[in-house]
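Participant: The chain contents come next:
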Amino acid sequence: MSTVIVTPKASPKEVLKDASMVKQKDMMAAHYDRLTNAPKTGAKVAATFVPGNLNELIMCFDLVNNLPEVNAIQNGLRRTSGGFVLEAEKIGHSEDVCTYVKSDIGMMAKGNLAPNGEKFPNPDVLLLSYTGCFTFMKWFELLREQYKCETIMLHTPYMGDGKVTPNMIEYMVKQLKEEVIPKLERISGVKFDIDRLREYLKKSAKAEDDLVWVLQSAKNKPSPIDAYFGGIYYIGPIFGAFRGTDDAIEYYKFLREEVAERLAEGKGPVTPDGDMGKEKYRLVVEGPPNYTNFRQFWKMFYDEGAVVVASSYTKVGGTYDFGFRHNPDKPLETLAEYCLGVYTNRSLPMRIDMLSNYVKEYEADGLLINSIKSCNSFSAGQLLIMREVEKRTGKPAAFVESDLVDPRYFSAANIKNRLESYLQMIEQKRASARAA
Amino acid sequence: MDASLNQANTAGIVARAQELFDDLSFTAAREWKAAKPGRKVVGYLPIYVPREIIHAAGMLPLGIVGGGDQLEVIHGDAYYQSYICRIPRSTIELGVSGRLDFVDGMLFPSICDVIRNLSGMWKMMFPGVYSRYFDVPQNYRDEIGGNYYVNELAELRHDLGELRGSPITDEELRASIAAYNENRHLVRELYAFRAQKPWQTPAAEVYLVLRAGLVLPVEEHSALLRDYLAAAQAEERPMRDNCKIVLTGAFCEQPPLNLIKSLELAGCYVVDDDLLLVTRWLTENVPLEGDPLQNLSHAFLHHSESTAAKYEPDEKEKGQHLVRAVTRAGAEGVIFAAPSFCDPALLDRPMLQHVLKDAGIPFIAFKYAENSGQMQPIREQAGTFADSIKLWSGA
Ligand code: SF4
Ligand code: SF4
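Residue numbers (the working numbering), protein chains in the order written: chain L, 1 to 436; chain W, 1 to 395.
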């Protein structure tokens, strides 16, 4: 099938410099405080995953959302994940499996401390929104074994044939109605109010509009954003515990205003070293990033003037750029549709379509794949994706390998080498195109 | 004609099964297809598909479990990174090298992300072949997961009906369910016999006999099973001083035959395993009366094997299937053998090991690949394990 990218109307407003960054930092800090204070405040905690997370629903029961993947990312960025992974291996976990899981298990074994230095509370419920990855299921079975708490499974069927069928929606809505909601009511002691859910969904859609606007601003030349390295910050609130909140609406409003200003001024993305120099290469990236050497990895790109204009990773917590928005008029169906549509739940041909379209619509020079050792969900099949996208777009593609949070699999020299030869390849392509 | 019917002894039957096992071109299935115009073959990967529906369409279900250690993988490696298991690359190899060019359809069951993504690759690489990701419910309530599954089954039934050119009737489905009920019953009987007298039914033989069921029509395979069982019961073989173990974790990519043999040579009789689960996935007979799809669904939800790819809703039940298998087969220990890079098996393993520890059941663990050549380390590990079990039980 082919994918159509819908661009919402731009309405840049007055600018508040870096307000979005400050806002996000405050939001995250407040969230971690809310979590670690839960034993004192009596708040109940639901652990759940990013892809297919039901934040709006979780909020309906006054539960605080704890996302183990985000914790693993934090530990990657703070360089503590390596030790946690080793710890998990020491207590019997295989070196071959997903390092997100091992980082999480290792963190538990080492005291389970949140970024604010306080202990994470034990979850009251594990909401297993099983979307786009088999590892999730094992991960929560492993956590359940430790915490002995209730686990609720929401099974999202895979979009193997590239479509959402009525049977899939019906199955998911039934699970929501007859399993997920009654159990959440019982665990939280809060009665489900569908109008409350509608309110949150309305708010989600509003923030989603602005997120899409920001991500699609990369169609401009130069792109005012980096849609992978920068994009990871931009998706934080909406993929995490804030979708459906006023905080998220405000964050994306600020962000949009900042990006609109950069766009008006013809500026490129902001990097950790300040404004990026001249945009020389426009890339589409497939695959998660590496978090243990995140800045070093990013620097390899901006030092060369390579900006990422679109990425698949920024769609793991929801694919919004083809028009999907949370719809308050169909509250449960919309949650189902959301889960079904996340990037890792899309079939391989759909992913190829999507990436090829990104290369074309964002006028990119090609596709770069960061293949993650940990992640079969993303990685199995990426070599075919690479060849297909190359074939369809006529643009060169390249492959680098690393891991999400295991520093043992980040080889800077290797990646840098590959990236440089790839950019040279792009140069050669350009030269031959000019000659032709 | 079914050659096995003429073979009275285990050696002859096993030789026939070995021949099928060694044949990487699937000649038997090709011949079956060529024997009558209009016949079709539908391939499937581990762990489970309802073969009854394929059979009811008059088609041959063909189990594809990788390339083993005899297939030279030339193209397949270009499709997979080094840190992905072997089975998808050897399956691609089988496809690209034309060994599956007679296959009209492919089903990719819901087992893990690798097989799941392979389903999309197949669609891209072999666009002329009907291919489908076959999802199964992880919710086991009839009115939720059951409804969903019945509709998925109905879609498969519809698609295969289209492929053949006429809809599959309930009567056809019932006849197929009966054929597979019988087959599963025989497999269970074989497993029960082996648990009692493992020296009469070496693990590698049982494996080969079971494996033949992936390529033969079910009726022919049932005859083979019956013959083998009768021959194995009749033949007296020397009993060794081996311990009895349950082998687990090998539900997808297959261990080399040599590995299975090595375990017994090292002193471990395999009395239960999770190899080729499709042959006994449904643990009870599927009723013939009533709606056949409802019955298949009910059996899947309530009477099917436990394995890593299936969610266990009840924490207390987690891993108990393994403890029960140990008790049922009178085993003294468990060997965890998982393919390298197999997330489902390797993520499940620590949980299962905790359960075994609590139950006081000894275990060892190692990894393999379908093309592992060196058996010495595994043989040594299994040998030490067998010795220690004998020591404990003697104490
Ligand atoms: S396998 Fe991939 S998608 Fe799944 S939990 Fe690990 S990193 Fe996430
Ligand atoms: S061996 Fe394991 S990881 Fe590989 S395809 Fe099979 S189940 Fe998946």
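Treat the hints with care, as some may be off.
Now the in silico label distances, taken between C-beta atoms and shown as ranges [claimed, not checked]:
no., chain 1, residue 1, chain 2, residue 2, range
1, L, 275, W, 159, 27 to 33 Å
2, W, 101, L, 360, 32 to 38 Å
3, L, 333, W, 366, 36 to 42 Å
4, W, 284, L, 150, 38 to 44 Å
5, L, 194, W, 159, 33 to 39 Å
6, W, 78, L, 303, 46 to 52 Å
7, L, 304, W, 357, 49 to 55 Å
Everything labelled a hint here was simulated from the structure, so no lab data went into it. Note that the Cβ used here is the ideal one computed from N, Cα and C, for glycine as well.
Participant: Confirm or reject each hint.
Facilitator: Okay, the hints, checked on the actual structure:
{"no.": "1", "hint": "L:275 / W:159: 27 to 33 Å", "verdict": "55 Å, violated"}
{"no.": "2", "hint": "W:101 / L:360: 32 to 38 Å", "verdict": "34 Å, holds"}
{"no.": "3", "hint": "L:333 / W:366: 36 to 42 Å", "verdict": "47 Å, violated"}
{"no.": "4", "hint": "W:284 / L:150: 38 to 44 Å", "verdict": "29 Å, violated"}
{"no.": "5", "hint": "L:194 / W:159: 33 to 39 Å", "verdict": "37 Å, holds"}
{"no.": "6", "hint": "W:78 / L:303: 46 to 52 Å", "verdict": "31 Å, violated"}
{"no.": "7", "hint": "L:304 / W:357: 49 to 55 Å", "verdict": "53 Å, holds"}
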